[in-house]
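J.: So the chains spell out like this:
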Amino acid sequence: MRIIGSLLLVIVLLLIAYAGSGPAGLTPLFGIVIPYIAIGIFILGFLWKLLKWARSYVPFRIPTTGGQQRSFPWIKWSRLDNPATGTGVIGRMVLEIFLMRSLFRNTRSEIVGTKLVHGSSKWLWIGAMAFHWAFFIVLIRHMRLFIEPVPGYVHFLESLDGFFQIGHPRLMMTGVVLIGAGVYLFLRRWYIPQVRYISLPADYFPLFLIIAIATTGVIMRYFTKTDIVAVKTLLLSLMTFSPQIPEKEKIDTIFYIHLFLVSALLAYFPFSKLMHLGGIFMSPTRNMANNLRVKRHVNPWDYPVKVHHYEEYENEFRDKMKASGIPVEKE
Amino acid sequence: MAKLPKPQELMQTIDFRPPKTDWRNLKVELREGMYCHPAKKKDLEAVDYPYIREWSPKDEDWKLPADWKEQVLEAIRERLIRFRSFHVFMDICVRCGACADKCHFFLGSGDPNNMPVLRAELMRSIYRRYFTPSGKILGSIAGARELTPEIIKEWWYYFYQCTECRRCSLYCPYGIDTAEVTIIAREILNLLGLQLGWIAGPVANCYWKGNHLGLEPHTIKSNIEFMLDDIENITGIRIEPSFNRKGAEILFITPSGDLFGVPGVYTCMGYLMLFHEIGLDYTWSTYASEGGNFGFFTSMEMAKRLTYKIYSEAKRLGVKWILGGECGHMWRIWNQYLPTFWEPPDNLQVPVSPITGTRFEHARYSKLVHVVEFTADLIKHGKLNLDTSRTDHLVVTWHDSCNTSRGMGIFEEPRFVIKNVVKNFYEMPDNTIRERTFCCGSGSGLNASENMELRMRGGFPRAMAVKHVNEKYGVNVLANMCAIDRAALQPLMDYWVPGVTVMGVHELVGNALVMKGEKERTLDMRGEPLPGKEAKEE
Amino acid sequence: MKRYVYIGIVAFIVIVTYPFWSAGKAKKPEPKLDTPEIQKLVEKKCVEPKEFMKREHMKLLNQWRDAALRDGTRVYVNSEGKEFTVSLQNTCMKCHSNKKKFCDECHNYAGVKPYCWDCHIAPKEEEGQI
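These protein sequence lines map, in sequence, to chains A, B and C. So the first sequence is numbered by the numbering used here: it starts at 1 and just counts up by one. So the second sequence is numbered by the numbering used here: it starts at 1 and just counts up by one. So the third sequence is numbered by the numbering used here: it starts at 1 and just counts up by one.
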């Protein structure tokens, strides 16, 4: 039900975009108004969440230490898994964000006969890396449609992405990888009993939505085609706040569907688990150095607490202390 | 008390496949043997805990305060602001499932709510319902749940089935730390008066008497004197340590578990012998006589209240720095909380080993040095005369405690010490040691006796790894540097891997340490004959 | 600590608004069809209709390449039954001799770098270099 419901929701979105921009002819709505609203929700919602997190305090220095601490010069220290300096933390965060270091540790535990076995398990890491990197590169490649003149890094990425020069327009590997990895992540979620058990509609829906976005993009690029010059003109007009919808015959409905699904993703983003994009930067177990023995850390909301002073202790036990020869303050 | 099933039977009940029913519709079933007794009224009164009353987990009605719901929601609201960890972790989980089979309680029970992701979802579903727009509007579709008394029961049951070991946090791609969620859930339960006896008792003791066991000053001294008698019997040397002595260079604080009971006392004897042998100018304190901190298992405030004694006693006695004994959560707190709770007093100086001259630069602010670091430095500089023939009959493996592993990262120091005091050392499998280590299953105040089944389940992954090296290399000693481990691992071994003895690092050091003027040793630290040593004498 | 958070927030704003502040105001390309060769044509028609060519020319060129180089087919029959020689240089570029104006302007605009000219030699144009 969670799966079908999520899938249906994506299909409904698709149909809305199809009906709205096609038969109903509401292209200004789907080409201008909705994208603007979606971008607005995305940016403001994202900021709202970041500020909410920022408002919360970090009272204690609680990194999860993933390697040998810094102690003696003769003991090899894990600078990145157990950073004790700011640079080390940056290194750890880079590994975490770009290479998913923690997920790379993943293991799989099984009871085999009378033994509990922990084997290496990299599939989730591979799937997640493929998915996120493909998504990221696809996003960067889209900059060719938003920026004029097209920046050099976009050409560079395209030349790498289309390295095999398959077909014309050249096949971009990341598009295929994105869909493939998305499907893998879904199948994994559906197939592994424990993961299916913990999954919510909020886990399936964005996955389906992203797969749908990638698929409509691929269809547009390789199959139905669209007038790319007109698309760029529209997008540039949005970016420069002088929106203009090109003549109807130039841009097909598939483009508006693609755009609408992207808008849905943007608007959904700040209110969902997708905020892990921002959250990873703010995770105290990863972005703090293990250096409380070296440097002071202040708890901003610290307050006085009731304590048991030595005087009270001695008052209670003075006789016993004296009897057993333990020194006291007051004889 | 619930009957503990046999190991084979228990193992057969473990099934990682989740049930058919959605976890949100599962009514929590409190199984005996899986939870601890509630706190005694007198222990709660001793430290002014809120909402003290008689209640039993088996009661249908837990007699929650009339405004319990408002209190819980207000407590969550307050903690969302106080703890960014909690706030961020409530929002960003993607339920990838990487943590699922990382939890020792899940691996030992198969209960889906013991998957760290679901344990946190128990809280997250409430957070969504009352603190997020999507949860308020969409309800259960967005994964939200209504807060009911049933949920309080469920929290109580499952947040006391987490030892705050942070293993899930290591594998989480966002570093989501269930310990943070558990800590906060327990704070909230505490507000409703739902405290465990096994935690509240030590807390009250520690607050009023200075240590968890409630040892009064003269008892501490006499306990140590018993150990000194044993040491004299073994080595022929009479040691005379000092108590509450002003002007000592170093204040030594260890978990009180080392002062009472087996095998903690053997570790304590090791400290006494070592410090005597190197002529260390140190003192014990009967006031600050607890390194551990069960307050940490109730609330941050109580943790802070209990740690007050450490620096204040160091100030009163005018010592230069503080040496800390072998303990797990004590070092998590000393390494990540204590110097934030309280500022180190001015009389403390950057710790320097009086024997080797080593400056402990990595402790230059907090002035807190781990005794295993201290000993490793001594051995590195060749200051100790060690005879490993006395430990030749021991085949040792090393258990990294969860707190010192993932809340500190002290891995090489103990290994260095161990390898210098024993000849036969074997590591357990890679995925079960160092930062990937498994918890003993009894940490965070769960080492009671009425929840023995829970403890045996939680310790199952650790025990299986020991069993592996026991069968492969004949390992017969499980060494560690944590008071709870010393107390909890022995019953775990007796249950799952009979024949393995649990020892602290300094028990092994004490065995190997050749002291100036000692007699030919025929007994080990436990007063047992040393194999092969009697024959040599003849 | 909070300082870093606010730096991060500023970085976020800069990154997400990047397309807005770097979009640039370029005029829409208008490919020129006024080469002398086209002027000479009675019926100013490409091998296929204009709208088709606009979207599908890359696919057609790819087919032509495969036809000519792999199958040796040098004749293309279009949707109206007319025959053309399959050749980039002698058919396409004969009319569209203004590569810079006709091809490059749109390609640059859309960020497309076709690999036609990896093998083919671009026609020399009077007003400029290759």
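It should be emphasised that the hints constitute simulated quantities derived from the structure, not laboratory data. Where a beta carbon is used, it is the ideal one built from N, C-alpha and C, also for glycine. Possibly wrong hints are sitting among the right ones.
Stated by the list, open to error - Residues from chain A shown here face chain B by an in silico Cβ test under 7 Å; the list is partial:
1. R79
2. N82
3. W301
J.: Can the hint on A/W301 be confirmed by a CB-to-CB distance to chain B that is less than 7 Å?
T.: With a minimum Cβ separation of about 6 Å from chain B (threshold 7 Å), the hint on A/W301 holds.
J.: Does A/R79 meet its interface restraint, that is, does its C-beta lie within less than 7 Å of any C-beta in chain B?
T.: violated (11 Å)
J.: Less than 7 Å between beta-carbons is the criterion; does A/N82 satisfy it with respect to chain B?
T.: For A/N82, the interface hint holds, since the closest Cβ of chain B sits about 4 Å away, which is under 7 Å.
The earlier numbered hint that this structure contradicts is number 1, and it is the only one.
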